[in-house]
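Peer 1: Let the sequences and hints guide you as you build the complete structure.
From first to last, the protein sequence lines are chains A and B.
At position 28 of the first sequence (counting the first as 1) the number is 28 in this note's numbering, and the numbers step up by one without a gap.
At position 45 of the second sequence (counting the first as 1) the number is 45 in this note's numbering, and the numbers step up by one without a gap.
Since the hints were derived computationally from the structure, they do not count as laboratory data.
Just to be clear, a hint being listed does not mean it is correct.
[To be verified] Calculated lysine to any residue pairs in the SDA-like style (CA-CA distance at most 20 angstroms, straight line):
hint	chain 1	residue 1	chain 2	residue 2
1	B	Lys62	B	Gln20
2	A	Lys4	B	Glu47
3	A	Lys4	B	Glu48
4	A	Lys65	B	Lys56
5	B	Lys56	A	Gln62
6	A	Lys4	A	Pro73
7	B	Lys96	B	Ile26
8	A	Lys27	A	Asp79
9	B	Lys122	A	Arg10
10	B	Lys56	A	Arg66
11	B	Lys56	A	Asn63
12	A	Lys65	B	Glu44
13	A	Lys65	B	Leu51
14	A	Lys27	A	Asn63
15	A	Lys34	A	Asn63
16	B	Lys62	B	Arg95
17	B	Lys96	B	Gly22
18	A	Lys76	A	Leu32
19	A	Lys65	B	Glu48
20	A	Lys34	A	Gln62
21	B	Lys62	B	Ala3
22	B	Lys56	A	Leu67
23	B	Lys56	A	Gly64
24	A	Lys4	A	Gly80
25	A	Lys65	B	Glu47
26	A	Lys25	A	Ala78
27	A	Lys41	A	Glu13
28	A	Lys65	B	Glu60
29	A	Lys65	A	Gly80
30	A	Lys4	B	Glu44
31	A	Lys74	A	Ser30
32	B	Lys122	A	Glu13
33	A	Lys65	B	Pro52
34	A	Lys65	B	Glu55
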Amino acid sequence: MTVKIRFFARFRELLGTDIVVAVPKNKGLSDLVKDVASRNKEGYDAIFDEKGAFREFVILMQNGKRLETSDAPKVKVADGDEIAVFPPVAGG
Amino acid sequence: MIAIQTGDVDIGKLVNEAKQQGTGAIVVFDGIVRDDDIREMELEAYEEVALPELEKIASEAKKTYNLLSVDIIHRIGRLAVGENILIIVVSAGHRKQAYEGSRYIIETIKAGVPIWKKELTKDGGRWVPGEHQHGCGAGK
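Peer 2: This is how it looks when you write it as structure tokens:
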């Protein structure tokens with residue numbers, strides 16, 4: 001199955017965006033983001049702390065719905081999912 | 001009109017169109033690129049999420065503050081100092097509703113709509129930090 005990862009703002013600059021990855025069934029959302037972010041150390045460090053947990057300001061969405069980062073390790077991704085990862089918003 | 005777009009809008013036209021039967025007050029909020037020693041500002045949005053969130057904010061503001069009309073136009077792309085970033089036009093029967101509704105809309109946008117700004121300076125650029133660290137506003 002495939003899942004699309006979208007990074008925004010600073011994360012996009014470091015890691016790119018609209019990254020489609022093939023993943024096995026029952027892949028955890030946290031592990032998936034870690035795998036993709038590992039392509040660039042600065043990008044990985046911007047999103048994850050030294051223990052491999054999401055930094056507290058990181059915002060996650062699964063198919064347009066916000067998801068607590070603390071829940072992410074338990075959440076599985078499904079075929080066709082769109083996962084968005086971004087820093088605090090600053091519109092207006 | 002609720003939109004995320006690169007182009008500017010005719011605010012005068014929006015004001016004219018906001019005058020409906022029963023209108024006693026129109027409030028215009030116009031957020032502008034400030035000259036903070038920057039060359040330009042670059043804005044980006046998660047449009048597929050941000051646009052429905054703007055629509056939801058407009059609808060909630062209409063209901064809560066008895067607004068007669070709401071326009072929200074958030075611009076993205078590169079904008080020069082002095083250009084409009086965000087235009088909010090609300091009409092209501094009375095000024096209190098119009099002021100409060102407009103304030104609710106801008107604060108709710110800032111709290112949670114996935115849009116980001118980068119200030120481009122002569123030395124490079126810096127992302128504007130969000131005022132709300134967890135982006136816990138609209139759409140949650």
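Peer 1: Has the given pair, Lys65 of chain A with Lys56 of chain B, been kept, meaning a C-alpha gap of at most 20 angstroms?
Peer 2: Between Lys65 of chain A and Lys56 of chain B the Cα gap is close to 14 angstroms, so the pair holds against 20 angstroms.
Peer 1: For the pair we were handed, Lys25 of chain A and Ala78 of chain A, check the Cα-Cα distance against 20 angstroms.
Peer 2: holds (7 angstroms)
Peer 1: Can you confirm whether the C-alpha distance between Lys65 of chain A and Glu47 of chain B stays at or below 20 angstroms?
Peer 2: holds (13 angstroms)
Peer 1: Hint check: Lys96 of chain B vs Ile26 of chain B, CA-CA at most 20 angstroms. Holds or violated?
Peer 2: holds (10 angstroms)
Peer 1: Between the alpha carbons of Lys34 of chain A and Gln62 of chain A, is the straight-line distance 20 angstroms or under?
Peer 2: holds (15 angstroms)
Peer 1: Hint check: Lys41 of chain A vs Glu13 of chain A, CA-CA at most 20 angstroms. Holds or violated?
Peer 2: holds (13 angstroms)
Peer 1: Please verify whether Lys65 of chain A and Glu60 of chain B have alpha carbons no more than 20 angstroms apart.
Peer 2: holds (19 angstroms)
Peer 1: Holds or violated: are the alpha carbons of Lys56 of chain B and Gln62 of chain A at most 20 angstroms from each other?
Peer 2: holds (19 angstroms)
Peer 1: Would you check the hint for Lys122 of chain B and Glu13 of chain A, treating anything up to 20 angstroms between C-alpha atoms as holding?
Peer 2: Holds: Lys122 of chain B and Glu13 of chain A sit about 18 angstroms apart, inside 20 angstroms.
Peer 1: Would you check the hint for Lys27 of chain A and Asn63 of chain A, treating anything up to 20 angstroms between C-alpha atoms as holding?
Peer 2: Given pair Lys27 of chain A, Asn63 of chain A holds - Cα atoms ~16 angstroms apart, limit 20 angstroms.
Peer 1: What's the verdict on Lys62 of chain B and Gln20 of chain B, does the C-alpha distance respect the 20 angstroms limit or exceed it?
Peer 2: holds (14 angstroms)
Peer 1: Take a quick look at whether Lys56 of chain B and Leu67 of chain A sit within 20 angstroms of each other, Cα to Cα.
Peer 2: holds (19 angstroms)
Taken one by one, the earlier hints all hold for this structure without exception.
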